[in-house]
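Taking the hints into account, I'd like the entire structure generated from these sequences.
What follows is each chain in one-letter form.
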Amino acid sequence: MKLTVDGTTHEVDVEEDMPLLWVLRDELGITGPKYGCGIAQCGACTVHVDGVAVRSCQLAAGDVDGAVTTINGLGTPAVRHAVQDAWIEMQVAQCGYCQSGQIMQAAAFLDVNPSPTDAEIDAAMSGNLCRCGTYPRIREAVKSAALKLKAT
Amino acid sequence: MGRVKTIARRSFLIGSAAVAGGVIFGVYQYRREGENPLLAALKPGETAITPYVKIDAQGITLITPRADVGQGAWSMQAHLIAEELDIDPATATLSPGPADPIYYNGVVGAEAMPIAATSETILARTGRGAADVMGKFMGLHITGGSSTVPDMYDRLRMAGAVARETLIKAAMKQTGLPRDQLSTENGCVVLPDGLKIEYIDLATIAAEIPPVQTATLRDPSQWRYLTKPQQRTDMVAKSTGTQDYGIDMQMPGMVIATTRTNPAIGGGLIGFDAEIARKMRGVQAILPITGGIAVVADNTWRAFQAAQAVECDWGPAPYPANSADQFETVANSFTDDHQDSRLKDQGNVADALLHGPLIKAEYRIPYLAHAPLEPMSVVVQLSRQRLDIWTGTQIPRFVQANMARLTELDAENVHVHVLMSGGSFGRRLEDDYIAQAVEIAMQLPDTPIKMIWQREEDFTHDFPRPLAIAHARGTVKSGAVDAFDLSIAAPSVAESSLARLRQPAIGPDVAIVAGAWDQPYSIPHYRVTGYRVPAMVPISSWRSVGASGNSFMHESFFDELCHAAGTDPLAERLRVCWHMPSQKVLEAVAEMSNWGSDPGPGRGRGVAFTLSFGVPVAEVIEVTQTDQGIRIDRAFVAADVGRVLDPKNFEAQVQGGVIFGLGHAMNCELTYENGVPQQDNYHVYEGMRMHQTPEIIVRGLENGAKIRGIGEPAVPPAAPALANAIFAATGKRIRELPLSKSIDFV
Chain A
1 MKLTVDGTTH EVDVEEDMPL LWVLRDELGI TGPKYGCGIA QCGACTVHVD
51 GVAVRSCQLA AGDVDGAVTT INGLGTPAVR HAVQDAWIEM QVAQCGYCQS
101 GQIMQAAAFL DVNPSPTDAE IDAAMSGNLC RCGTYPRIRE AVKSAALKLK
151 AT
Chain B
1 MGRVKTIARR SFLIGSAAVA GGVIFGVYQY RREGENPLLA ALKPGETAIT
51 PYVKIDAQGI TLITPRADVG QGAWSMQAHL IAEELDIDPA TATLSPGPAD
101 PIYYNGVVGA EAMPIAATSE TILARTGRGA ADVMGKFMGL HITGGSSTVP
151 DMYDRLRMAG AVARETLIKA AMKQTGLPRD QLSTENGCVV LPDGLKIEYI
201 DLATIAAEIP PVQTATLRDP SQWRYLTKPQ QRTDMVAKST GTQDYGIDMQ
251 MPGMVIATTR TNPAIGGGLI GFDAEIARKM RGVQAILPIT GGIAVVADNT
301 WRAFQAAQAV ECDWGPAPYP ANSADQFETV ANSFTDDHQD SRLKDQGNVA
351 DALLHGPLIK AEYRIPYLAH APLEPMSVVV QLSRQRLDIW TGTQIPRFVQ
401 ANMARLTELD AENVHVHVLM SGGSFGRRLE DDYIAQAVEI AMQLPDTPIK
451 MIWQREEDFT HDFPRPLAIA HARGTVKSGA VDAFDLSIAA PSVAESSLAR
501 LRQPAIGPDV AIVAGAWDQP YSIPHYRVTG YRVPAMVPIS SWRSVGASGN
551 SFMHESFFDE LCHAAGTDPL AERLRVCWHM PSQKVLEAVA EMSNWGSDPG
601 PGRGRGVAFT LSFGVPVAEV IEVTQTDQGI RIDRAFVAAD VGRVLDPKNF
651 EAQVQGGVIF GLGHAMNCEL TYENGVPQQD NYHVYEGMRM HQTPEIIVRG
701 LENGAKIRGI GEPAVPPAAP ALANAIFAAT GKRIRELPLS KSIDFV
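Chains A and B are the protein sequences, given in the same order.
1 is the number of the first residue of the first sequence in my numbering; add one for each residue after it.
1 is the number of the first residue of the second sequence in my numbering; add one for each residue after it.
Since the hints were derived computationally from the structure, they do not count as laboratory data.
Cβ coordinates follow ideal geometry from the N, Cα and C atoms, glycine included.
Among these hints, one or two may not hold up.
Which stretches of chain A does chain B cover? Using the computed rule of at least three CB atoms under 8 Å from a CB of chain B, they are [said to hold, decoys possible]:
(1) 24-30
(2) 36-45
(3) 91-103
(4) 135-145
Here you go:
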């Protein structure tokens, strides 16, 4: 099947029901999206399909119907997305393992809600688990990213 | 480096290592310092000035041997070296270095001793000295017990200073200028005319000259990085998906493995049927390992699918198989023959309890999983001569020794490459998952193997924080706490985890009463007794270890006595507290939370205090009773680590610790049926999520005499502060965790 990931189209020979996460990680070598739970409970695997945040551990490769963007395609260490800049500025990450998913969730959320309230941020981000407890800084980083995005 | 004789270089480097050590520790119990382990792997053109600084023409590598499990240890260690070496840590490459005794931990051993952190008696100081000797003697290359900063604060700054002075000496040789005309700045030696020589261009000469004998540490007033908000060195990688964890490693020819072993740990495998799994796409092998099976495949998902398709016939649990029986075993352990310690015994408790109305309570805490978000994972490759292991681990030397034993290789041929861990909370103090991967490698030599556990395997094969029961009795007199008698029964973490590391566990297990016996309270009649419950489920250290649960018991009951006495819980703590830095954190949270003011209708404040890992921490939590349940509004935290080296990461660790403590207190337990934990993924073990997270206001104080670490100490007071706040808001006293069994949260 054909998959477009981070702007590149790939031909992959995998089962229709293989979750997108494992196509990305094991077949394409894109390791930014993480495996945490396998049942869409932690959000570490979050990627965008046509701009919408999805849990790639629960999305079958055969059901992918749009262009996939991963954390590795959202920005790079040298050329970063505004949300990534906000994460660095607020020093959000501790172990960092959940942050690929947190950032992808936040980026998609701010795309549809550029001026969120605190309650809306909590509601949008509560599906993404962080075992280190970086939530206070995620809140601040989402707000900071909203301002950065508006300024651009 | 070509013109430098190898022998000269080696003797110089060993000499420098000795200087670094000698200056750091002052008095040597062992005259001979270990050889610099970087020497064995040096390539042409590289210089290793100390075991912590390596320089070649391309750049500077800082060795950061304490593991980073999310607490920022790599970045902090780099800043400690860089401050004295005079470089920007962002320009250096970081390496955790090899497993080596020279990277021993001289502080962590004292945590296991019955010495209160606040004690400065000769006995206490001798004990801490013994911990340093023991750590050095055993080559205890280990990360834990919030010990990285206290253990490395002097050592790494001195390593940086020795390297700096050696480079200056090299510049003196090159330029002929005297020492007092040379200075350093940002990775360069600066000449009087402003000309700069880069460190990397001095490496070759540095290797030719005799070692620097003395180096003076800079006065804190000259610091550029320490005590200022730092940029963590891992932040860009972790914000761009480019930080590599063990689970991310890719090597040519690598295969993927996953395992299934008996979730009733130690119950063994009676038999299995892999007929279906064997034929599934991508499956390369199904192999027996100790207590279960391993599936080897070409893709992680295929390995997981096949592992689930294997029919396994497990043996029964070698411990009480369900939660009711486990708690009954604990309840039956309050007997003389199970008494493990009585480290606190002031006044005459037995007599005092006879006078005045007796206040009694029982507290219970459950087993808890570590559940770091990166499931246990490791890459191994075994050849005839050597074993390579890539993984996040806090115990590289134990891994090396244990895997050498397993493979019958010499330890020097077992190479442990430590990686960033996607969390740990104590889980990576164990090497069970590594042994499984090595067992697979012994059946598939020469092949790189990445072993990943399914999340369900990770939950059901954790070595959890133990359950415990406390019996508390007390009396009040004249509006004050008069007698406080706490008996805690719990299985021994030391007995369980040290046995797995093949180490002896001697004497009482301090963890059974940690966070209770060692609190700086002066109560007229005050006793803390530990009872050791016979081993059941294998258990291990969980962020803040014994204090993680004992604080709930100690501080909840203190609160109960305050209410019985009709006295203010914060004022009463201040009244009984004799330790100045502890008093100050209590005063700080009183001020921060406006303690004593009317919190408003349906609202309540609770306070708790715990001194753990030498760090006094006070927390006030504010809650509101709503139609949807209890909402946690704000948390105020004051903690004293003696000196805050990075205010930014200090705040992060405190906030994370509070969230870890609150989330588990509210929502988490492992319950057992048929020997197996019933919670196997995050939908039934949530911890805290953002919508439940309060605003957390943090203040760092610096009254403590010694520098301390902050990875763990904020965890213990969170649970009792919350329970006490719930009591204040609702009148409901909850004595069992998780709290959600007794009350709803928003």
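Outcome of the hint check:
no., hint, verdict
1, 24-30, "holds (count 4)"
2, 36-45, "holds (count 7)"
3, 91-103, "holds (count 11)"
4, 135-145, "holds (count 5)"
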